[in-house]
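Trainee: Take a look at the letters that make up each chain.
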Amino acid sequence: MTTLAKDSMEAVFEGWTSTVGKPTMDSDVRMSTRNVDVHYGDKQAIYGVDLDIGKNEVLAMIGPSGCGKSTFLRTLNRMNDTIDICRITGDIILDGDNIYDKHMDVVNLRARVGMVFQKPNPFPKSIYDNVAYGPKIHGLVTRRAELDEVVETALRKASIWDEVKDRLDQPATGLSGGQQQRLCIARTIAVSPEVILMDEPCSALDPIATARIEELIAELSENYTIAIVTHSMQQAARVSHRTAYFHLGRLIEVGKTDKIFTAPEHKLTEDYITGRFG
Amino acid sequence: MTDQNMNAIERLATVKEERMKAKLGKRYAKEKRFRAYGVASIVIGLCFLAMLLGTIFTAGWSTFYATEIRLTVTYDADAIGVSDLNDESQLMFADWGALVKNAMKERFPYVSGRSDRRAMYSLVSSVAEYDLKDRLEANPELLGTTEEVWLMADDEIDALMKGQVDMSVPENERRISDLQNSLVESLIESGELKKSFNTTFFTNGDSREPEQAGIRGAMLGSFFTLLVTLALSFPIGVAAAIYLEEFAPKNRLTEIIEVNINNLAAVPSIVFGLLGLAVFINVFHLPRSAPVVGGLVLTLMTLPTIIISSRSAIKAVPPSIREAALGLGASKVQMVMHHVLPLAMPGMLTGTIIGMAQALGETAPLLMIGMVAFIADIPSGPLDSATVLPVQIFLWSDLPERAFVAKTSGAIMVLLGFLAAMNLLAVYLRKKFETRW
Ligand SMILES: Nc1ncnc2c1ncn2[C@@H]1O[C@H](COP(=O)(O)OP(=O)(O)OP(=O)(O)O)[C@@H](O)[C@H]1O
Ligand SMILES: [Mg+2]
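Chains A and B supply the protein sequences, listed in that same order.
Taking our numbering, the leading residue of the first sequence gets 1, the next gets one more, and so forth.
Taking our numbering, the leading residue of the second sequence gets 279, the next gets one more, and so forth.
Simulated from the structure, these hints should not be mistaken for lab results.
Here the structure is a predicted model, which means the values were calculated and not measured.
Misleading hints may appear alongside valid ones.
To be verified - Far from chain A by the CB rule (all over 12 Å, computed), these chain B residues: (1) LYS294; (2) ALA314; (3) LEU330; (4) THR333; (5) THR352; (6) ALA372; (7) VAL389; (8) PRO527; (9) PHE562; (10) SER658; (11) LEU661; (12) ASP676; (13) MET700.
Said to hold, decoys possible - Going by beta-carbon spacing under 7 Å, a handful of chain B positions derived as facing chain A: (14) PRO597; (15) SER598; (16) ALA602.
By construction, the Cβ of each residue, glycine as well, lies at the ideal position given by its N, Cα and C atoms.
Construct the complete structure from the given sequences, taking the supplied hints into account.
Mentor: Below, the structure written as structure tokens:
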């Protein structure tokens with residue numbers, strides 16, 4: 001996008017008032033954000049986002065590159081704290097607690113809100129140690145047998161157990177990309193989080209590995225709240241219950257996934273999902 | 279505009295093959311030339327290295343063996359003037375030299391006259407009598423008995439045996455007389471003179487007598503100095519690197535610190551020596567010539583190297599690993615200790631060993647803090663006076679005796695051996711830690 005186009009885009013937002021659709025929920029809310037602004041130095045990346053994520057819900061976030069999806073996702077477990085120039089205002093509530101509250105411990109928060117990254121990033125340790133790491137550092141298990149059980153369950157839930165059960169002590173970096181990503185999901189599940197954030201978890205994977213992860217997301221949604229950023233419209237349509245469309249840092253439209261993809265209300269959403277934009 | 283461009287590109291297609299062929303020849307020639315330059319510079323470098331090692335080895339290898347003379351020594355109580363080996367007052371005035379002299383007189387009864395006798399006595403090292411003293415004190419029952427012992431030859435005889443003496447010049451211009459030469463020849467004939475591995479070189483401290491001078495004192499001095507350096511600079515350097523990379527806020531202050539660390543790495547080492555003299559010796563009154571002070575000074579010198587290499591090792595750890603750890607709820611310290619440090623360790627170790635190798639070869643700052651003194655005793659700890667290998671080399675290179683020339687090169691060989699060993703260790707550690715995954 002040229003500067004010219006960007007400026008004219010800014011002009012679109014001159015009269016921008018609020019998100020189309022229904023960003024908030026009446027019950028069963030797991031996480032909610034109110035009036036969240038994010039700045040990188042002088043540059044604003046997120047403008048006043050109000051959004052609720054329900055229990056056992058899969059929320060897909062879509063939008064053109066650079067619109068702030070990752071930024072928004074990373075505010076949900078305070079991963080942005082590691083970026084010095086990043087400033088966040090507004091409220092982000094997890095089960096009634098403001099996660100940016102002084103009393104909120106970020107270590108505990110991240111045990112409750114786990115994250116799966118775009119590129120599989122297993123530790124250069126054994127498969128077992130990768131999964132066992134979270135429970136160990138949080139002191140979740142007291143006995144080795146218990147840890148073994150947790151590791152097995154997590155690997156089973158991430159549907160990778162059968163492929164790795166005979167090589168748990170081998171380096172995780174020796175797995176294929178898709179296996180590594182499922183291992184990373186197992187690693188995240190092992191600390192029993194309430195929410196799992198996924199930032200384009202399939203972008204480095206082939207269609208078969210992608211299909212397996214998507215199945216996995218469907219299964220996981222029975223127990224967890226999942227927020228997933230994706231560039232694939234089909235993927236959003238397949239895995240999510242609700243979809244949020246972001247554009248230049250604004251949350252443009254939120255709604256039931258089938259509605260967003262069949263009858264979007266906002267012009268920008270329509271342009272994006274019909275491929276006229278992005 | 280677009281049309282014109284298209285036409286230009288279509289036109290290109292017709293001449294492409296021909297032009298590329300012309301270009302190809304040039305490119306090959308260029309690549310060949312480039313490779314030739316590379317090979318030439320490596321060959322030149324290797325030539326210099328070979329020359330350096332060649333001169334050092336030819337000059338130094340002879341120092342690793344020494345000439346010894348077999349004598350039949352009678353531990354005669356009357357000759358020494360000691361009847362009771364436990365009597366300190368007797369020992370004080372004992373004439374140990376008589377043992378050697380008597381043995382020599384017995385071996386060559388035909389040598390007479392004061393000056394001839396003196397020439398004969400000087401075949402054996404002037405310090406050999408103390409070896410006999412030590413032997414007798416350790417085994418008092420030997421008093422009054424006779425035995426055959428191998429004693430160290432004088433350094434001039436040693437030089438003669440090593441072919442370093444030109445016997446063709448007139449007698450008064452050389453340091454070995456014809457008489458001495460004939461005595462040596464008869465000793466060789468009867469098998470009473472041999473060359474053997476020079477253990478003295480590795481077991482003795484420094485000495486004014488070249489045949490007695492060894493590098494054990496300097497080796498241990500270097501060892502204690504490096505021990506102090508390692509014990510201080512590794513933890514401090516790694517901790518500083520971790521703090522600067524992972525915890526310090528990025529602001530003006532840390533920027534200034536960073537620039538200064540880089541500057542420190544370029545400061546001439548003698549400046550650190552002056553600093554050590556002013557601070558550690560004059561203010562804190564630490565002992566002069568001691569490996570502790572040397573270690574402290576070398577710590578100052580190696581810290582920047584270690585910090586810089588540790589920081590780049592930390593930087594090389596992929597950010598995705600950090601995110602993975604933080605995303606799981608690891609604290610920053612856990613992230614560093616569990617993931618960053620193990621991955622950065624090989625780089626840190628390599629940097630540290632390179633810093634240590636630099637420290638091992640460092641001379642100038644140690645001159646400043648008095649490690650250049652003549653010290654014959656072998657240090658038994660970092661607080662004893664000592665010198666270090668490179669300073670020992672410097673000291674010996676200044677001495678006039680011919681044997682010290684060989685010793686200088688011999689010590690250089692030992693130093694190079696240690697340096698090579700340290701660098702091999704660095705390579706080994708890097709390989710070992712890297713191949714784990
Ligand atoms: N660390 C950072 N420092 C400064 N600006 C940043 C940083 N990270 C992101 N931004 C800016 O914030 C805006 C949103 O970036 P973000 O990564 O959230 O986009 P995204 O929607 O995830 O894009 P993509 O789909 O390409 O991943 C971009 O304009 C980007 O340049
Ligand atoms: Mg992104």
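Trainee: Compare the structure with the hints numbered earlier in the document and write down the numbers of the violated ones, lowest to highest.
Mentor: Of the numbered hints, 8, 14 do not hold.
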